[in-house]
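Construct the entire structure; sequences and hints are all you get.
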Amino acid sequence: MHIAQPLHVQPIPFVDPVDAFEAFADDPVAALLDSADAVGGRGRYAFLAGDPYHVLEAGAEDDPFGQLARELARVRTESVPGLPPFQTGAVGVLGYELGSALERLPER
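Going by this note's numbering, 344 is the number at position 69 of the sequence shown; the sequence numbering is gapless.
Just so you know, these hints were derived from the structure itself, not from any lab.
For clarity, every value in this text was computed on a predicted model and none was experimentally measured.
The C-beta atom is built at its ideal place from N, Cα and C for all residues, glycine as well.
Here are the simulated distance ranges between beta carbons:
id, residue 1, residue 2, range
1, G318, Q285, 15 to 25 Å
2, D294, G341, 36 to 46 Å
3, D309, L343, 17 to 27 Å
4, G374, Q285, 34 to 44 Å
5, A300, L331, 19 to 29 Å
Listed below in structure tokens is the structure:
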């Protein structure tokens, strides 16, 4: 089991998430999760992720969801009280082609 490093929290003045994301310009797998919704408090958080310890690439024939479940089970993280609900975890992209892992359609 991989135990993630403890979170280090450093409060900073507000920075626009898009501007902050520029710091990840050289990271080919960086991600910005920004709700950009100011209604009802749903847009409270933005998350930036980069420099992953692991990149999971799988095709539909590789059981991508099984691979993801095994990877998530392998890593343990601890939450820090008072921080946003999503503190660590997996961030990724699911491509259109993944549909074939979810639904079997007849061949034409």
